[in-house]
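Number of protein chains: 2
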Amino acid sequence: MDIREIRVEDLNVDRFIGEKTKEIASIVGSGTAVNALSGGVDSSAVTMLAHRALGTRVKTYFVENGIMREGEPQRVVSIFEKLGVPVELVDAKEAFFRALRGVTDPELKRQAITDTFYKDVLARLVRSSGARHLLHGTNYTDVEETVAGIKRQHNILEQLRIDTQKEYGYKVIEPLIELRKTGVRMVAKALGLPKEIYDRPPFPGPALAARVIGEVTSERVEIVRKATKIVEEELAASNAFQYLAVLHEDRVTGIRGGKREFGSQIGVRCFDSTDAVTATPTRLPFETLERLGQRIPAEVHGVVSVTYNVTRKPPTTIEAV
Amino acid sequence: MDIREIRVEDLNVDRFIGEKTKEIASIVGSGTAVNALSGGVDSSAVTMLAHRALGTRVKTYFVENGIMREGEPQRVVSIFEKLGVPVELVDAKEAFFRALRGVTDPELKRQAITDTFYKDVLARLVRSSGARHLLHGTNYTDVEETVAGIKRQHNILEQLRIDTQKEYGYKVIEPLIELRKTGVRMVAKALGLPKEIYDRPPFPGPALAARVIGEVTSERVEIVRKATKIVEEELAASNAFQYLAVLHEDRVTGIRGGKREFGSQIGVRCFDSTDAVTATPTRLPFETLERLGQRIPAEVHGVVSVTYNVTRKPPTTIEAV
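Quick mapping for you: the protein sequence lines, in order, are chains A and B.
Counting from 15, one number per residue, gives the positions in the first sequence under the working numbering.
Counting from 15, one number per residue, gives the positions in the second sequence under the working numbering.
With the rest of the complex left out, here is chain A (with noise of 0.2 Å):
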C-alpha cells in the first residue's frame, strides 16, 4: 500500500488540521461533497475537518441503521447541534436488517452493511444532494488490517480498489488515513469535539452486528444493545481501551423459577490496549465481573450466563464478529 503513516510523534496537529482544511476545500472546489456521520472520533474528527473547509457546502447526515447503541442517534446529532453543525438524522433501519436477513458469517455481514450503507443510502443521499464527494473517516489501522486481510473495515473502498466513483457515483475524501487512533483523538480534540467524542471507545463500523454471532435481526440486536448499555454502565470507570458485550448463537442450560431455561449467553470482552494491535484482557475486580454477571441475566431477557474473555489478542481478536 502506497499510504505512509504519520507516527504521533511527527503529528503536528495544527498544521495536519490545516493543510487537510485546504486539501479538502481544493479537491470538492467549488461542488458540494456529503459526509456521514457514526459518531466515532473517526467520522467526528472528519465532520469538524470537512465544516471548516466546506462550511455549507458539506451536507452531514447521520444514518440510522438499527444496529446503534441505545440513544447514539439522538445523542449525537444534539453534540454536533451544540457545535454549531447540523445533522440530519436518516431512518434506515429497515435497509439495514433486511440486507442481513439470514446472513450469519460474520464477512458477508460486513459485506450487506457496507453495501447498504455505500450502494443503497449514502448514494442515494449522495445522488439526491447533486454532491460529487463522500468524506470519510478511514484511518492507517483499518487500511493496515485490511491489507493483511484479518478484518474486512467497514470504511475501506479505495483500498480494495473499488472504483466509487463507477460503483456508486461519488469520490471518496479519506482526510486521516495516515493517522492511527491516537492521532485521530489528538486531533478531534483540537478540533474542539468534546471528551465523550475524542475520548470515546473504539466502537465496530458494523456496529452491533458484530457483536451478534448468527443472524442479525432486530430482536437480537435488542438483546446485546441492552447487555451493552450494562456493560458500559459498569466499565465506565475501567479506563480500559475498549469493553463490549456479544451475543451468543449458541444455547446454554440455565434455571430459573426452579425450572429449566434453555438460554442465551452474553461474552463481556474489556481490553487494555494502546493500539488495538496487540491487546490483554483487564484485569477487572471480581465485584465487577459478578455484578455483570448478575444484572445481564437479570435486566436482559432470555440471558442465563456471562462470561469475561481472558485470551489476549492475539490469538484472539478485541471484536469476536
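Derived by calculation from the structure, the hints in this document are not laboratory data.
Every value quoted in this text rests on a predicted model; they were computed, and no experiment measured them.
There could be a bad hint or two in this list.
Here are the in silico distance ranges between beta carbons for each label pair [what the hints assert, rightly or not]:
#, chain 1, residue 1, chain 2, residue 2, range
1, A, Glu95, B, Glu313, 53 to 59 Å
2, A, Arg112, B, Val161, 43 to 49 Å
3, B, His315, A, Arg297, 27 to 33 Å
4, A, Lys107, B, Arg115, 37 to 43 Å
Glycine included, every Cβ here is placed at the ideal spot set by N, Cα and C.
Put chain B on the given structure of chain A with help from the hints.
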C-alpha cells in the same frame, strides 16, 4: 416422589454401609449382579458396597464410551485393582459416537447416551452374564433435579417410571438414592476409597458430551478433552466445588501469524458450592485466568478464545449443556 432424604446430620455412615450391604445381598439373593463403574464418587461407592455384599457374584464393568477424560479408564481400573476389586474394561466408543451422530439438542444427547448405555451396552453385558440385577449410583439430587424437570440425569430410570425389567431385562438397585453428594463422599471414604475418588469434583453422567455445544464427534470431544486436562491441571489447587471446560459451537474471530483465523472458543467454568443447588463463580486469581487464556489456545488446535463464566447458579447451571 416417595424417597426420603437422609440428611448428613442424620447419617450414621457405618450403620448405612452395614444396612445397604445386607439389603443388596438380600435383593440379589443367590443370583448375580452387574455393576457399571464410571470412576465418579457415586458409582465408586456402589462398587465397594456391591463388592462387600456379593463378592465374586458381582461383575463390575468400566464402559469406555469415548467421551471420558484423558487416561480416565486406565486410571480408574488401576485404582480398583489396588483395592482388590476386579474391573473389566469394555470398549464401546463406536456405539456411543454412532448414537450421537447429528444430535445437537442437549436432552437428545443425554437420551442417546442413556439409551446406548442401558439398552445397548449394559443390556448386552447383563444378558451375557446371566445377571438379573444392575447396581447404580443414583443419588438424591439426581432424583430431585429430574423430577423438577431441570435436567434429565443420566442415571434415573425407575423415577421416570421406566420398567427396567421390561425395557432392558434387568432390575436396578440404587443403594445411594437417599443421600446427597456430601453423604456419598462420607460413605465412599468410609469404604476405603482413596481421596482422589471420594473428594473428586463432580463429573456429569454424559461426561465430555455435556461439555460440547452442538454435535458430539470424536474430533470435538478431543478438543474439549485437551482443554479439560489443562483446566484440571490449573484449577486442581483452587479447592473449588467443580471446574470444567465447554467447547462452543459458535466460531469467533482470531488472529494467528498476522492472519485471520476463524476459530473455536472454550468456556471455562469454576464454581464454589456445597450442594450443587446454588453455586458461585470462584474468584480465581487473574494470573490463573490469564494462564488458562494463554495455554488453551496455545495447546489445543483451533481454539482462539477462552472465557470464564461469571454468573451464579441460578440463573446459570454448573454444566452448560
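Here's how the hints hold up against the structure:
no., hint, verdict
1, A:Glu95 x B:Glu313: 53 to 59 Å, "54 Å, holds"
2, A:Arg112 x B:Val161: 43 to 49 Å, "47 Å, holds"
3, B:His315 x A:Arg297: 27 to 33 Å, "28 Å, holds"
4, A:Lys107 x B:Arg115: 37 to 43 Å, "42 Å, holds"
Against the hints set out earlier in the document, no violation occurs for any number.
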